[in-house]
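Counting from 0, one number per residue, gives the positions in the sequence shown under numbering that gives the first Met the number 0.
Just so you know, the hints here were simulated from the structure itself, not pulled from any lab data.
Honestly, I wouldn't trust all of these hints.
Stated by the list, open to error - Restricting the straight-line Cα-Cα distance to at most 16 Å, the calculated cross-link-like pairs of lysine to aspartate or glutamate (EDC-like) are:
1) K67 x E78
2) K79 x E31
3) K150 x E115
4) K109 x E60
5) K109 x E78
6) K142 x D159
7) K22 x D49
8) K121 x E78
9) K36 x E91
10) K36 x D106
11) K160 x D106
12) K128 x D49
13) K142 x E124
14) K144 x E51
15) K109 x D159
16) K88 x D48
17) K79 x E135
18) K160 x E93
19) K128 x D159
20) K67 x D106
21) K88 x E31
22) K109 x E51
23) K150 x E31
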Amino acid sequence: MKFLKPLFFLVIIPLFAFTGIHKYYISVTQIEYVQDKQSVQIITRVFIDDFENVLRARYDESITLDEKEETTSTNLYIEKYLDTKIKVKINEQEVSLVFIGKEYDLDVMKCYLEIENIENIKSFEISNKVLFDMFEDQQNIIKTKINSRQKSFILISQNDKAVLNFN
0 MKFLKPLFFL VIIPLFAFTG IHKYYISVTQ IEYVQDKQSV QIITRVFIDD FENVLRARYD
60 ESITLDEKEE TTSTNLYIEK YLDTKIKVKI NEQEVSLVFI GKEYDLDVMK CYLEIENIEN
120 IKSFEISNKV LFDMFEDQQN IIKTKINSRQ KSFILISQND KAVLNFN
């Protein structure tokens, strides 16, 4: 019986020590240029709860990001939000992103986007403001594979743009 009290403190006290842990707000966007398909393929990964909160605040309080409970308008809201927050210029020309769809992977949502009919890339510029309007400490990690070069960036609200030149 005497050993239960110290064991109790060894187990319970560490649990309370971690209740004040700061939550990180991060998204990861992978961009790959597939030259033989003349396509830029983009996968954006965002935590479901954070993305759901921003969609509720912007569009509709009843939005639920869950395959079983989604309405038909959910994809429209996702596409609309991403279209306003992710901007791409290729060879100094703004291009349109096509929303292909999404899938859920545990607590992350993967959004698939594509830019079609890209013959070559001399310069690539991306602005990613996803969730900046919701969390001031949001960070958006960008990983690119363009013209056989890999490059990564971390975008924050004060610096939300990355530029690559291929000369």
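Status of each hint after checking the structure:
no., hint, in the structure
1, K67 x E78, "19 Å, violated"
2, K79 x E31, "22 Å, violated"
3, K150 x E115, "21 Å, violated"
4, K109 x E60, "22 Å, violated"
5, K109 x E78, "12 Å, holds"
6, K142 x D159, "14 Å, holds"
7, K22 x D49, "11 Å, holds"
8, K121 x E78, "27 Å, violated"
9, K36 x E91, "21 Å, violated"
10, K36 x D106, "31 Å, violated"
11, K160 x D106, "27 Å, violated"
12, K128 x D49, "14 Å, holds"
13, K142 x E124, "13 Å, holds"
14, K144 x E51, "29 Å, violated"
15, K109 x D159, "20 Å, violated"
16, K88 x D48, "29 Å, violated"
17, K79 x E135, "21 Å, violated"
18, K160 x E93, "14 Å, holds"
19, K128 x D159, "6 Å, holds"
20, K67 x D106, "15 Å, holds"
21, K88 x E31, "14 Å, holds"
22, K109 x E51, "13 Å, holds"
23, K150 x E31, "11 Å, holds"
Figure legend: structure checked against the earlier numbered hints; hints not met, in rising order: 1, 2, 3, 4, 8, 9, 10, 11, 14, 15, 16 and 17.
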